[in-house]
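Colleague: These protein sequences, in sequence, are chains Z and B. Counted the way my numbering counts, the first sequence spans residues 16 to 317. Counted the way my numbering counts, the second sequence spans residues 73 to 385.
In short, the hints are calculated from the structure, not lab data. We put the CB at the ideal spot given by N, CA and C, even for glycine. Worth double-checking, as some hints may not be accurate.
Computed, partial: chain B to chain Z, Cβ under 10 angstroms [said to hold, decoys possible]:
(1) F106
(2) A123
(3) Q149
(4) M150
(5) T152
(6) V169
(7) S188
(8) L206
(9) M210
(10) G323
(11) P327
Rough simulated footprint, nothing fancy, chain Z against chain B, three-plus residues with beta-carbon under 8 angstroms [what the hints assert, rightly or not]:
(12) 153 to 167
(13) 197 to 204
(14) 285 to 295
Residue strings, one per chain:
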Amino acid sequence: MTTSTTPTGPSAATDTSAATAAVRKPVARRRVALHLGALAALLVMLYPLAWLLATSLKPADEVIASLDLLPGSLEWSNYSTALDGVNDVSVWRLLSNSLLIAGGAVVGNVLSCSLAAYAFARLRFRFRGPLFAFMIATIMLPHHAVLIPQYIIFNQLGMVNTYWPLILPKFLATEAFFVFLIVQFMRGLPRELEEAARIDGCGPFRSFFLVILPLTRPALITTAIFTFIWTWNDFFTQLIYLFSPEKFTLTLALRSFVDASSTSAFGPMFAMSVIALLPIVLFFLAFQRFLVEGMANSGIKG
Amino acid sequence: MTTTTDTPVTAPAARTTPAKRPGGRQREGAAWVFLSPWVLGAAVLTLLPMAVSLYLSFTDYDLFNPPRWVGLRNYTQMFTEDPRYWRSVGATLTYVVIAVPLQLGIALVVALGLKSMRRGRGFYRSAFYAPSLLGASMSIALVWRALFNDGGTVDNLLGTGGWVNRPGWALFAVALLTVWQFGAPMVIFLAGLQQIPTELYEAASVDGASRWRQFLSITVPMLSPVIFFNLVLQTIQAFQVFTPAFAVSGGKGGPADSTLFYTLYLYDRGFVASHMGYASAMAWVLLIVIGAVTAVLFRTSRTWVFYASEGDR
Chain Z
16 MTTSTTPTGP SAATDTSAAT AAVRKPVARR RVALHLGALA ALLVMLYPLA
66 WLLATSLKPA DEVIASLDLL PGSLEWSNYS TALDGVNDVS VWRLLSNSLL
116 IAGGAVVGNV LSCSLAAYAF ARLRFRFRGP LFAFMIATIM LPHHAVLIPQ
166 YIIFNQLGMV NTYWPLILPK FLATEAFFVF LIVQFMRGLP RELEEAARID
216 GCGPFRSFFL VILPLTRPAL ITTAIFTFIW TWNDFFTQLI YLFSPEKFTL
266 TLALRSFVDA SSTSAFGPMF AMSVIALLPI VLFFLAFQRF LVEGMANSGI
316 KG
Chain B
73 MTTTTDTPVT APAARTTPAK RPGGRQREGA AWVFLSPWVL GAAVLTLLPM
123 AVSLYLSFTD YDLFNPPRWV GLRNYTQMFT EDPRYWRSVG ATLTYVVIAV
173 PLQLGIALVV ALGLKSMRRG RGFYRSAFYA PSLLGASMSI ALVWRALFND
223 GGTVDNLLGT GGWVNRPGWA LFAVALLTVW QFGAPMVIFL AGLQQIPTEL
273 YEAASVDGAS RWRQFLSITV PMLSPVIFFN LVLQTIQAFQ VFTPAFAVSG
323 GKGGPADSTL FYTLYLYDRG FVASHMGYAS AMAWVLLIVI GAVTAVLFRT
373 SRTWVFYASE GDR
């Protein structure tokens with residue numbers, strides 16, 4: 016960018032300003048084109064969401080008959096039907112089930128991943144290199160390779176159709192992606208802090224809880240939010256482990272609409288879809304900086 | 073703690089041979105306490121299951137009766153007698169080959185656009201990223217099915233009929249859902265682009281290099297580690313897509329098995345038909361294929377990925 020360069024000498028100064036004058040017009044035109052392009056892309060991107068919101072408020076006959084995006088009349092009863100839930104289980108029950116699983120996963124991941132990350136980032140122990148390499152490799156491990164035996168194990172333990180198979184693994188740092196994320200963050204913290212803590216008489220546990228953990232907060236928040244959203248969206252694990260309707264989550268309840276192809280259920284189905292997306296949208300609006308930065312850093316420092 | 077009192081004395085020695093420091097064993101013990109949840113998880117929920125599923129892949133097992141050893145039969149059946157297996161392989165590979173390059177290409181173009189944007193960059197970055205958080209949900213998968221169904225928006229706009237009901241087309245509807253989520257790789261691309269020193273571009277434009285030349289000679293090589301990272305990550309994820317294919321096809325992988333993704337067929341064999349041995353064999357083939365693809369990507373990366381900071385590491 017020519018305008019931002021600092022001229023180092025008289026000749027450089029004239030060169031730069033001449034160049035600036037010459038390119039100013041195309042640059043301005045280019046900028047307008049960029050904004051128009053971005054805006055157009057944004058509209059296409061947002062269309063499915065707008066469609067979802069509109070359809071959730073459309074009366075049944077309008078869903079197919081009318082091609083307008085906006086509903087002719089607002090059908091709020093779609094939402095009251097959706098609140099009644101599916102299979103005699105109310106949406107509030109489904110919502111609290113989803114929240115329980117996602118909340119448990121968040122606590123588990125933040126706790127177990129930060130513990131493991133501290134050991135990998137700061138402590139010395141035998142086989143650290145190979146174990147770290149193994150941990151990284153498990154990021155790429157397809158979930159399906161371990162799925163069936165895990166199911167058999169949880170089946171043997173009598174935990175199928177409970178929330179344990181969905182929450183317990185998170186307390187065992189099985190999501191290596193987050194271990195890696197926190198390791199990367201901890202490596203950036205100055206070592207002098209722990210040296211000072213050690214001189215003040217802190218062992219590894221106290222210096223972890225009192226010095227390192229508070230400073231790792233941004234990475235922990237990123238971990239918490241991503242865990243929440245991914246667990247909230249998860250379908251496959253819930254599909255195989257849960258089968259009593261009263262234990263269903265919002266995602267599993269929505270699944271019962273997959274088989275039903277009748278368009279009369281469209282309004283309530285999409286009303287429930289909106290309810291299911293609402294927590295993610297709220298999280299996104301509240302924490303977008305953490306989410307975007309967390310995603311950006313995952314690729315760069317690796 | 074005893075270590076604190078003799079730290080000043082042993083500090084120089086500690087720097088060279090940390091394991092021999094008095095109290096080193098104690099600190100090593102502390103490390104294993106921190107690691108214990110991870111070690112337990114890795115052993116019981118990763119390594120053990122991998123070994124067990126390898127064993128089960130040589131058996132006939134329905135969860136209720138004890139596994140019966142059948143040797144390589146699951147594998148031979150899979151490769152030679154099961155046309156649905158090959159259709160699922162075909163659908164998955166087609167999907168990966170279409171969706172991943174398209175998604176990454178768009179992500180790169182948008183990131184380049186946003187990089188040269190001064191105002192509104194933060195807003196667009198967040199807005200384009202949002203679908204990556206929503207796209208994996210069942211809600212959006214249901215929206216997708218409706219948009220691409222007979223009489224849905226796409227049908228009305230293009231007059232193509234519902235994509236989800238046409239064997240050659242349904243896969244593209246799922247692929248477009250992946251493309252819609254280009255925000256995550258885009259954010260990573262953008263962060264990578266912002267780390268390329270501007271001096272390189274200034275020097276190049278002084279030398280009279282065109283923008284296209286600058287893109288090929290500066291942007292692509294400097295960004296190649298990030299391109300590589302995104303390529304590996306998105307390819308691995310694409311092999312494992314489940315929810316959208318499930319929703320778009322009503323859980324069956326149709327029409328005509330055209331969206332019968334590998335994971336969907338694995339679920340069908342293992343959890344619907346209760347052929348756990350067969351499904352385990354499928355899981356191991358998937359594991360080996362993903363491992364092989366990753367290895368090939370890493371191997372070829374030596375020729376095209378350029379690490380500028382290799383010297384400092």
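Colleague: Confirm or reject each hint.
Modeller: Results of checking the hints against the structure:
no., hint, verdict
1, F106, "holds, 4 angstroms"
2, A123, "holds, 8 angstroms"
3, Q149, "violated, 17 angstroms"
4, M150, "violated, 15 angstroms"
5, T152, "violated, 22 angstroms"
6, V169, "violated, 18 angstroms"
7, S188, "holds, 7 angstroms"
8, L206, "holds, 6 angstroms"
9, M210, "holds, 4 angstroms"
10, G323, "holds, 6 angstroms"
11, P327, "violated, 13 angstroms"
12, 153 to 167, "violated (count 0)"
13, 197 to 204, "holds (count 8)"
14, 285 to 295, "violated (count 0)"
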